[in-house]
Amino acid sequence: MASNRRGVGLSAFSNSAISADQYARHGQTLRSNHAEALANQLSVFQAALHNFSLTHAKDIRQNPQFRAEFARMCHAIGVDPLAGSNVKGSAGSGGKTGSVWAKMLGSSVNDFYFELAVRVVEVCRETRAENGGMIAVSEVRKRIEKGRGIIGGGIDVTDDDIERALESLVPLGGGFKIVPLGSSRFIRSVPKELNLDQSTVLEVMQILGHVTVSMLQANLGWERARAIAVIDDLVADSLVWVDSQADETEYWSPAAMHDG
Amino acid sequence: MASSSSSPVPPTLTSAYAAPPPTTISTASTSIVFTFPTYTSFPPFYTLQPNLTTRARQLTLWSNLLTTYCAHHRLFKLSLSSLPSNLFANPSIHRSLSQPDIRTVLAHLALPANGGRVEWIPTSSRAEKPNSCWVYWRTPTEWADAIYGWVDETGQKGAVLTEYEIREGEAVQSQEWRGMDEDLLRKVLGLLVKRGKAQIFGQEETAGVKFF
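Line by line, the protein sequences are chains E and Y.
Residue numbering for the first sequence follows my numbering, starting at 589 and increasing by one per position.
Residue numbering for the second sequence follows my numbering, starting at 13 and increasing by one per position.
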């Protein structure tokens, strides 16, 4: 096609005289305009959310649904309200959005989750001899609710809160992990991981309350030696309690011990 | 974070979850039914656990149960040949601690390192194993302090009281040590004598005690 150097009219657009370079520059302008508009919107929103969190700090602290919604809102705009939460008032690491949030949200929300995390760690430590380091999130919640201090003693704590509090511990290391067992969620506070057979038996125990070697053989199709080996492991790790007064020795999950 | 327990618990394992002995027990507590903790319905509680970590925790729970039960029922002494039927057993789940295991538990609790809540009462013949023990839901020292405090507050220092009065007198009806075993009271008074806070005159039934 003969090139038409006259850059007017419709033909101008099919004219390859409009170079890729021009497109690129135009795109760049659009992008930076958008980015600027977005940054402005975001900072307006951040300011609004900051004021909101200050005004409603009390609600955030005391109302678990409110808290959950607030957290979801923060996550929806790509911000973690807890990032850098244990660095109060300082610039935080590298000025990332997370640590800016920590400053903006004020101490109230951070304190709540941090204190909660400390209480969770305490409960796990106190009960370790009884349950081998595996404790249901719901049991932790019940124990904390019964306790005194800022956490518990009237403040509603949900299972959700507990898991969030544990997440805030992740940067500190410490090996606390959420382990699903059947339909329950457990916190594992010891470094040793359960292998598949051990997890399976613990899951069965969650459902049935206790197991015998025969039950494992019958329900899981295991050989006797395999069932015995797994049970021995669980006993050795103080994850289960032994009842030798039944017709066949029964192995119980300590989760039921303090129910009610 | 402070632990919630302020009453004596075995020093080796503290737990914010363990129930301490009640701080005040007024009148006939048998009128109020003892509430058994949930773990007494947990069948493995009556099997001595093979895992030693688990066993240590189990023994702490037994210690708590023993002290709260005895405090509630005002039992100062346990005799192995006539134990309360629902202390070491839960008939509703058909589980009970065997006699040898009961002995093991009591022996463990008798160790000072485990709180010394139990003390074997020596038999007349050294060769025999003891068959009864004191249960110190209050330690002898705590009893000594309580009794001396009462004597002081009621202005009875310098007066002579009989052991019977101290144990069963009208004036002590609302006191925790009401109905205490004679032998235990003598032990407690012995502590006060050693401290120079009391003196005992006479023997046995006619014994009198003077506090300073």
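Please note that the accuracy of each hint is not assured.
Part of the chain Y face toward chain E, derived, beta carbon under 7 angstroms [what the hints assert, rightly or not]:
#1 Tyr51
#2 Phe54
#3 Pro56
#4 Asn63
#5 Thr65
#6 Arg67
#7 Thr151
#8 Thr153
#9 Gln168
#10 Gly170
#11 Arg198
Worth flagging that the hints you see were computed from the coordinates, not collected in a lab.
Cβ coordinates follow ideal geometry from the N, Cα and C atoms, glycine included.
Verification of the hints:
Because the smallest distance between the Cβ of Tyr51(Y) and any Cβ of chain E comes to about 5 angstroms, under 7 angstroms, the interface hint for this residue holds. Given the 7 angstroms rule on beta carbons, the hint for Phe54(Y) holds: about 5 angstroms separates it from the nearest Cβ of chain E. At its closest, the beta carbon of Pro56(Y) sits 4 angstroms from a beta carbon of chain E; the interface hint therefore holds under the 7 angstroms criterion. For Asn63(Y), the interface hint holds, the least distance from its beta-carbon to any beta-carbon of chain E being 5 angstroms, beneath 7 angstroms.
With a least beta-carbon distance of about 5 angstroms to chain E, the hint placing Thr65(Y) at the interface is held under the 7 angstroms criterion. The closest approach between the C-beta of Arg67(Y) and any C-beta of chain E is roughly 9 angstroms, which is over the 7 angstroms cut-off, so the hint fails. For Thr151(Y), the suggested interface contact is broken, since its CB lies about 24 angstroms from the closest CB of chain E, more than 7 angstroms. The interface hint given for Thr153(Y) is broken, as the beta carbon of that residue sits about 28 angstroms from the closest beta carbon of chain E, more than 7 angstroms.
Among the interface hints, the one on Gln168(Y) is violated; its C-beta lies about 39 angstroms from the nearest C-beta in chain E, farther than the 7 angstroms criterion. Hint status for Gly170(Y) relative to chain E: violated, with the closest Cβ pair at about 44 angstroms, above 7 angstroms. Here the hint on Arg198(Y) is broken, as its CB sits about 39 angstroms from the closest CB of chain E, past 7 angstroms.
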